[in-house]
Amino acid sequence: MQKGRVLIDADACPRQALAIAQELCKEYGWLCQTFASYNHQIGSEHHVTVDAGPQAVDMKLANETRPGDVVVTQDIGLAALILGKKAQPLTPHGFVFEPERIAFHLEERNEKARYRRGGGRTRGPAARTREDDQRFAAALRSLLERGETHEG
Numbered sequence: 001m002q003k004g005r006v007l008i009d010a011d012a013c014p015r016q017a018l019a020i021a022q023e024l025c026k027e028y029g030w031l032c033q034t035f036a037s038y039n040h041q042i043g044s045e046h047h048v049t050v051d052a053g054p055q056a057v058d059m060k061l062a063n064e065t066r067p068g069d070v071v072v073t074q075d076i077g078l079a080a081l082i083l084g085k086k087a088q089p090l091t092p093h094g095f096v097f098e099p100e101r102i103a104f105h106l107e108e109r110n111e112k113a114r115y116r117r118g119g120g121r122t123r124g125p126a127a128r129t130r131e132d133d134q135r136f137a138a139a140l141r142s143l144l145e146r147g148e149t150h151e152g
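Mapping of the sequence shown onto the UniProt record's numbering: position 75 corresponds to residue 75, and the numbering continues sequentially without gaps.
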């Protein structure tokens, strides 16, 4: 019997993180469902393909999320929506978004966007490391274990 769901914004999820999520979901008996636009080829048993329009994957994911789900995404705006649905957002780098800090993260994102619109440059994401994989696996494992204790 399926215990819970991990929903993955697979458009921008590194393949290593996707593989880790699939492995841990199998180990814990959770459904691992991926969401991506038709422009991406995703190897997933439970996959939802959506239109390539702006924010199409995010909107589908937000609409499908239920309380208790774990949602893997790098999108801070989507993370805020997920928290509002009583689900738990997690980045592929292992950062768990918390309700108490989401307003700060949204403001930080807006400030960086304003800076870039004004001609400023910000750093891109760092190359993925083995430590990122380990941090993601540990955070996801913790959320899956916490989800099991809330079930029964």
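These are computed hints drawn from the structure, not numbers from a lab. We treat Cβ as the ideally placed atom computed from N, Cα and C, and that holds for glycine. Treat the hints with caution; some may be incorrect.
Claimed, not checked - What follows is a set of in silico ranges between Cβ atoms, one per label pair, in the way DEER data are often shown:
(1) Met59 / Glu145: 17 to 23 Å
(2) Arg128 / Thr49: 34 to 40 Å
(3) Gln16 / Glu111: 27 to 33 Å
(4) Ser44 / Arg123: 14 to 20 Å
(5) Glu27 / Arg117: 40 to 46 Å
(6) Glu107 / Ser44: 32 to 38 Å
(7) Arg116 / Ala12: 28 to 34 Å
(8) Arg116 / Lys86: 15 to 21 Å
(9) Gly119 / Leu31: 43 to 49 Å
(10) Pro99 / Glu64: 31 to 37 Å
(11) Arg123 / Gly29: 16 to 22 Å
(12) Ala127 / Gly84: 48 to 54 Å
(13) Gly119 / Glu45: 41 to 47 Å
key: Structure versus earlier hints, numbers of those that do not hold, lowest first   = The structure conflicts with hints 1, 2, 4, 7, 8, 10, 11, 12, although it agrees with all the remaining ones.
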